[in-house]
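Novice: Here the structure of chain A is known, so what remains is to put chain B in place on it, guided by the hints.
2 protein chains.
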Amino acid sequence: MSTVGVVGAGLVGCLAALGLSKKGYKVTILELRDDPRKSQNKNLRSINLAVSNRGINALEYVDPELAEIVLSKVIPMTGRMIHNLEGVQTSQNYGLTGKEAINSIDRSYLNELLLNEVEKAGITLKFNHKLDRIDFNNDNGNPILKFIGNEIEPLEFDFIIGADGSFSKVRQNLQKFIRMDYQQEYIDCGYLELSIPGGGPQQNEFLLDKNHLHIWPRDKFMLIALANLDGSFTSTFFAPWDILEKLSNDDAVLEFFEKYFKDSVELIGKDHLLKCFRDHPRGSLLTLNCKPYHFANKVIVIGDAAHSMVPFYGQGMNCGFEDVYVLLKLLEQEKDVGAAFSKYSETRYKDLASILELAKENYKEMSHKVNSKVFLLKKQIDFILTRILKDKWLPLYTMISFRQDIMYSKAVEVHQRQDKILKIIQNVILGAAVFGASRVYKYLTQK
Amino acid sequence: MSTVGVVGAGLVGCLAALGLSKKGYKVTILELRDDPRKSQNKNLRSINLAVSNRGINALEYVDPELAEIVLSKVIPMTGRMIHNLEGVQTSQNYGLTGKEAINSIDRSYLNELLLNEVEKAGITLKFNHKLDRIDFNNDNGNPILKFIGNEIEPLEFDFIIGADGSFSKVRQNLQKFIRMDYQQEYIDCGYLELSIPGGGPQQNEFLLDKNHLHIWPRDKFMLIALANLDGSFTSTFFAPWDILEKLSNDDAVLEFFEKYFKDSVELIGKDHLLKCFRDHPRGSLLTLNCKPYHFANKVIVIGDAAHSMVPFYGQGMNCGFEDVYVLLKLLEQEKDVGAAFSKYSETRYKDLASILELAKENYKEMSHKVNSKVFLLKKQIDFILTRILKDKWLPLYTMISFRQDIMYSKAVEVHQRQDKILKIIQNVILGAAVFGASRVYKYLTQK
Chain A
173 MSTVGVVGAG
183 LVGCLAALGL
193 SKKGYKVTIL
203 ELRDDPRKSQ
213 NKNLRSINLA
223 VSNRGINALE
233 YVDPELAEIV
243 LSKVIPMTGR
253 MIHNLEGVQT
263 SQNYGLTGKE
273 AINSIDRSYL
283 NELLLNEVEK
293 AGITLKFNHK
303 LDRIDFNNDN
313 GNPILKFIGN
323 EIEPLEFDFI
333 IGADGSFSKV
343 RQNLQKFIRM
353 DYQQEYIDCG
363 YLELSIPGGG
373 PQQNEFLLDK
383 NHLHIWPRDK
393 FMLIALANLD
403 GSFTSTFFAP
413 WDILEKLSND
423 DAVLEFFEKY
433 FKDSVELIGK
443 DHLLKCFRDH
453 PRGSLLTLNC
463 KPYHFANKVI
473 VIGDAAHSMV
483 PFYGQGMNCG
493 FEDVYVLLKL
503 LEQEKDVGAA
513 FSKYSETRYK
523 DLASILELAK
533 ENYKEMSHKV
543 NSKVFLLKKQ
553 IDFILTRILK
563 DKWLPLYTMI
573 SFRQDIMYSK
583 AVEVHQRQDK
593 ILKIIQNVIL
603 GAAVFGASRV
613 YKYLTQK
Chain B
173 MSTVGVVGAG
183 LVGCLAALGL
193 SKKGYKVTIL
203 ELRDDPRKSQ
213 NKNLRSINLA
223 VSNRGINALE
233 YVDPELAEIV
243 LSKVIPMTGR
253 MIHNLEGVQT
263 SQNYGLTGKE
273 AINSIDRSYL
283 NELLLNEVEK
293 AGITLKFNHK
303 LDRIDFNNDN
313 GNPILKFIGN
323 EIEPLEFDFI
333 IGADGSFSKV
343 RQNLQKFIRM
353 DYQQEYIDCG
363 YLELSIPGGG
373 PQQNEFLLDK
383 NHLHIWPRDK
393 FMLIALANLD
403 GSFTSTFFAP
413 WDILEKLSND
423 DAVLEFFEKY
433 FKDSVELIGK
443 DHLLKCFRDH
453 PRGSLLTLNC
463 KPYHFANKVI
473 VIGDAAHSMV
483 PFYGQGMNCG
493 FEDVYVLLKL
503 LEQEKDVGAA
513 FSKYSETRYK
523 DLASILELAK
533 ENYKEMSHKV
543 NSKVFLLKKQ
553 IDFILTRILK
563 DKWLPLYTMI
573 SFRQDIMYSK
583 AVEVHQRQDK
593 ILKIIQNVIL
603 GAAVFGASRV
613 YKYLTQK
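One line per chain: the protein sequences are A and B, in this order.
The opening position of the first sequence corresponds to residue 173 in my numbering, with each subsequent residue numbered one higher.
The opening position of the second sequence corresponds to residue 173 in my numbering, with each subsequent residue numbered one higher.
Same shape as in the complex, but just chain A (with noise of 0.2 angstroms):
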């Protein structure tokens, strides 16, 4: 029996690690930190998550059951809802029937969850393992995790699976055996956690319609909220570094959410606003990827660890998750480890990169043309389309969230075909526009 050693616990090492198990792979999981199961230290910098078709898709081919339970404890969210500056709301569907979701999920709910399915699989958890680096068995040439920390055992393994996040210590180890690509770019833009608390005696009253992603667009910056299953939203306040160094007092914030975000500041409360702005961490947010993501049959990254994206388009973990599918079906379907991981980095790069991208352009749309007339017009044309032609023309956001059969880079090629001729139809509605007013104000001037 295969040894795996997966570093990092956190949801992508889990699902690996499960799905590993499955195999017949005899896996043991090292993490740095302590078992979040036991710790009250709650993480003040997370962005909820949205699990779609691609993370669902990955949860059941690794266990049919865990899926269900997950998609028990999930709240569907059919379409955004836009707030303007006068606190009117405004639905706009992700999908074509309005029954499409994505579905918001607690982090910590759901690696805890994850946790529970790893002990019940026999895997070996090992926490406050923290890596120091990788070195190889001179005989079988098989890797041996050192940890910091003299107490510390090395460990020995088959091969490693890199699940440690954007920082990834097992990344850096791998550039030191192998000539890889790399680059990370961070973006102008911080972010900060807030929340609204649940309404009615019991505090367990939703204040805002649960079913949908709520967003305030500002162009620049912009707020965001998703429902919990208790009643409140963690909220996300995104906004260039600038603005976000501005808002360091109270009167500063205060005037801010006024003017920007006026009935948010009723539905999260003005003590707590001013709270979070004082305690919480501003979180970075940066896009980084590498290539290739193995050395040989003894070491492969994934996950965040191999390819970190900004969240505006909730498919970081839903992508991770699909690295663990697209990895476990190539064990499967290739004649060794190595051939395996071989074509992982050969085939995955093209996805990932597509993802990445498409990630970075919709802060755009999320902050901004969503509330543009042309966008709305485009979008409409879309879904007429779509309806039209049924699955020979589908909407990008429809391929990458509830199309977990069509690759991401497939996605944005599709996308890009279509686009063109979004393009030309719209001008034509536009021109006509043109014509028509332009008839119209001859007829008036005429008069």
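Simulated from the structure, these hints should not be mistaken for laboratory data.
There are no misleading hints in this set.
One side only, chain A facing chain B, incomplete, derived with CB under 7 angstroms:
| no. | residue |
| --- | --- |
| 1 | Q355 |
| 2 | Q356 |
| 3 | S456 |
Between beta-carbon pairs, the in silico distance windows are:
| no. | chain 1 | residue 1 | chain 2 | residue 2 | range |
| --- | --- | --- | --- | --- | --- |
| 4 | B | V260 | A | I593 | 54 to 62 angstroms |
| 5 | A | E325 | B | K318 | 23 to 31 angstroms |
| 6 | B | F547 | A | A525 | 28 to 36 angstroms |
| 7 | A | I593 | B | Q588 | 29 to 37 angstroms |
| 8 | B | A293 | A | K431 | 55 to 63 angstroms |
| 9 | B | N322 | A | P248 | 54 to 62 angstroms |
| 10 | A | F339 | B | G313 | 21 to 29 angstroms |
| 11 | A | S456 | B | E518 | 13 to 21 angstroms |
| 12 | A | N309 | B | N300 | 23 to 31 angstroms |
| 13 | A | F339 | B | K318 | 13 to 21 angstroms |
| 14 | B | E328 | A | V437 | 40 to 48 angstroms |
20 angstroms max Cα-Cα, derived EDC-like pairs, lysine to aspartate or glutamate:
| no. | chain 1 | residue 1 | chain 2 | residue 2 |
| --- | --- | --- | --- | --- |
| 15 | A | K348 | B | D360 |
| 16 | A | K550 | A | D591 |
| 17 | A | K463 | B | E357 |
| 18 | A | K302 | B | D304 |
| 19 | B | K463 | A | D353 |
| 20 | A | K348 | B | D304 |
| 21 | B | K532 | A | D353 |
| 22 | B | K302 | A | D304 |
| 23 | B | K463 | A | D414 |
| 24 | B | K515 | A | D414 |
| 25 | B | K463 | A | D360 |
Owing to the predicted nature of the structure, the values given are computational and were not obtained by experimental measurement.
Where is the CB? At the ideal position from N, CA and C, for every residue including glycine.
Specialist: Below, chain B alone, put in the same frame as chain A:
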């Protein structure tokens, strides 16, 4: 007196230390390796250096006498000498007059010379200091360098200069305090060091013209050779990795070299050639850049630590020396260290991005284009226009290698403008040639 820790005792680190020391800073150099002047181990991965105007300008700025010593130990190269398959040699001037030269110099000689100057200047040199991490003093925020090995004392400085090469530990630390954009990309080309011994009874006679950079351009791969003072040439073979890997036994090497570099086999010597391929390590080539280069008034990276480039424009060291020049000038002009670092990051990035790109592109020119008739035609027009228009028209190579007053990004900008015009002229000439040929053909067929 402010204290400065320079990490890295390579060429750029030494020059930075000398420059800062002259400006009144108390400088200490920390180097992870042993003193190269004491060591017998020859680096078998060096690619010969060509110092040109930007490098000389920086040396002169730091110490005119030092520049003079360096220039007394170089071999000027006024052009490329192209070796074709039959061994026929053709000279191509680098400059406009045939007198402008880039200057071959031995890397280890130059490094030892700089180390001697560093010691004379009273700069503290600490070898075998392998940086572990940078901490900060809680009281004054000063960086503290911590080294690997408990017996080595941590050192505190007012600020740190990281000149510790492509795999810079200072840069890796910097990434922990700031949001640094970063990219690295390996090109599909490795290299292997060879050499051509001196000839004659004393083995000190040059077997090729010493005042040329010799190139055997073979499209996807190439061989180059630069003269050393002792009559020998340091030669480097560059090729895509699949070709390099196939040259894994004596027969394959010999067959390959006999086929593509026949005249070089005699020069290098059959046995020595095979020995080199057996024993010498294969080097890889990467491009890397980051942004910003500094953290507050505490840490900055320069040279290869900030931007590694492939060696095909002969600008790696020259650019690193120019970094030192630009930084020293800013420390003079700006109100404090923080302002100087900040201005450096702001203004230097576009110049570095420009030269990195040019270096990558120049592989095509060296290995392939120098053989092309159209390239040579364009080059001739370029030279003619320069002669007519004087300073108003400058070939790119001239601006990069001989005009330290024109920054890299400016040179690229001017070149792009000129190149458009060149292409038009070239097309007119080629058009005229085609027209002329068609007239001749018509005349001949009508007869």
